[in-house]
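Undergrad: For the protein sequence lines, the chains are A and B, in the order given.
Numbering follows numbering that gives the first Met the number 0, in which position 89 of the first sequence is assigned residue number 88; successive positions increment by one, without gaps.
Numbering follows numbering that gives the first Met the number 0, in which position 221 of the second sequence is assigned residue number 220; successive positions increment by one, without gaps.
There may be inaccurate statements among the hints.
Stated by the list, open to error - What follows is a set of in silico ranges between Cβ atoms, one per label pair, in the way DEER data are often shown:
#1 B:12 - A:9: 36 to 42 Å
#2 A:231 - B:2: 22 to 28 Å
#3 A:0 - B:123: 33 to 39 Å
#4 B:110 - A:234: 50 to 56 Å
#5 A:0 - B:244: 39 to 45 Å
#6 A:93 - B:98: 20 to 26 Å
#7 A:69 - B:2: 47 to 53 Å
Hints are computed from structural coordinates only; laboratory data are not their basis.
Just so you know, even glycine gets a beta-carbon here, dropped at the ideal spot from N, CA and C.
Here's the letter readout for the chains.
There are 2 protein chains.
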Amino acid sequence: MPQLTLTALPGIPLIQPGDDLVALILAGLDAAGIILQDGDVLVVTSKVVSKAEGRFVALDRVTPTPEAREVARFIRKDPRLVTLILAESAEVLRTRPGLIVVQHRLGFISANAGIDASNVQAAGTVLLLPADPDASARALRAGLHAATGADVAVVLNDSHGRAWRHGTVGVAIGVAGLLPLTDRRGEQDLFGKKMRITVLGTADEIAAAASLLQGGTDEALPVVHMRGVPYRSGPGQTVELLRSKERDLFR
Amino acid sequence: MPQLTLTALPGIPLIQPGDDLVALILAGLDAAGIILQDGDVLVVTSKVVSKAEGRFVALDRVTPTPEAREVARFIRKDPRLVTLILAESAEVLRTRPGLIVVQHRLGFISANAGIDASNVQAAGTVLLLPADPDASARALRAGLHAATGADVAVVLNDSHGRAWRHGTVGVAIGVAGLLPLTDRRGEQDLFGKKMRITVLGTADEIAAAASLLQGGTDEALPVVHMRGVPYRSGPGQTVELLRSKERDLFR
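Next up, chain A with everything else stripped away, as it sits in the complex:
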C-alpha cells in the first residue's frame, strides 16, 4: 500500500551564520525518533541554508545604481534592495508597483530574486538565496551520509508565486541525490497505451508537500523528513526543472 509520511523535525533552533545544519538535522531526527534509511528525503527551506551560510547583506552598505533607482521609483521599493535584486538577476521579466519578477541568476523565475526582506532578525538587513543551492544540498546529503550511512535525497525548497494561479507553492531551488524530473516517456499505462502524463515535476511536488506541512513558516519548521517518496536517485541538478527561454511560451 503506497504510503508517504512527512515529519517536521522538532527542536531546530533559529539558525545563525556558521551553524552546522547536518548536526542540527541529526538532532532533530533523533528527537523525532527517526532512524534515517536509504531512500528517505530531507527537505530544508532555503532560508535556513542562507542563514547558516551567512548570506546577509546590510542595506546601508549598498550604493544604489542608477538603473535600480529608476526601477525602484516605479515599483516603490527601497533602491538599495532593488540594487541587490538586479545584481542577483539575469533578466527582469515584469514590474508593476509593489512587484518585480525576474529570472534569477540561477535560472528560475521568481519575485524579488528570492531576496527575503521581511523576516530577518536585524533591521535593515536582507537575506540572499544560497550562492549555489545544489552544492548546499549536496553538502547536506554528504554530511548525512557520513554520519548515518544512509543514502538520502535532499531538496532545498522556497515558496514561489505563479503565473495564472493565486497562492504560493513550494518549489525546489536545490537538489541532491535525485532526478528532479521523473521521465516516464515510453512507459505504458494500465491499458497498455502510452502514459498521458510523461514527465513529472517530482522535486517540485516534494517541495510542495513539505511546504504544506511547513504552512508558510520557513523558520519554525525548516526541515521536513519524508519517507516513501517514489523518486529516482541520481546526480540531478535543479536546472533540469527550468525551461529554456526559447522553449517557454510565457515570458
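Mind docking chain B on chain A? Use the hints.
TA: Just chain B now, with coordinates in the frame of chain A:
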C-alpha cells in the same frame, strides 16, 4: 510534532460510468484500515470522477468546426479533438505544433482543456473534465459525511504543465470543505514581524502532495487519503485559486 500521512487507497477498480465513488472510497479506506476522522482530506484524480460521470465523447460523433480545422492544421492534432478543446475553452492563449494552451471554461489555464485523449479504454473516445468539479467534490464530501459522520475536505486533482518550469505537478481543479488559499496576512512570524509568505496555495500543495504518491498514474492510484494537513475548513471554491486576467502578468 507536525506530521502528515498520505495513503493511496488500495483496491480501487477501473472506474466505469455510473460507479458509486463514495462506496469505492469507503471500501478502499476499509481495506487500508483507515477510520475517517474530522479534518482528513481525500484527494481524487479528476480522471476517475470524469469516468464515473460518463464524460466520454466518441470522436466519430464530432463534426469539426472551420476554426478547429484551421487550429488543428497548425498544431497537428485531430480536428475533432480540437473542436472539443475549443468548445471546452474560454480563450486560446498559445499554440504551437503539438501544443494548445487554453483558459478552460472553468477558469484555469491548461493544455488541451484538460481533455484526455491518450489513456481511455475505447479507441476513438476521449474524456472531458467533470462538468462542475467543485460540485463533484461537494457530492463526495457529503456522501462520505453521510456514511461516516466525519467532516472531511475533498480535492479533485489533475496534473498541469507550468510556465517557466518543466514537469507536471498536481493542482486542484475541484475543492469542497476547505479554503483553497490560506491567507496569513496580518499574522506575525517568529520575530513579531509581518509574515513574508502570506497567501498559501494550500489546495494546490495538497494536490501536488497526492500527485507525488500517485506518480503520474491517475487510474492505478486514484484516491489518496491525507491526515494531518494544516488546512482551514470552509465553503471554498476552486475559482479562488485563479488569477483574473487583469491581475495576471503572464498571459
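Undergrad: Going through the earlier hints one by one, which of them does the structure break, listed in rising order?
TA: 4
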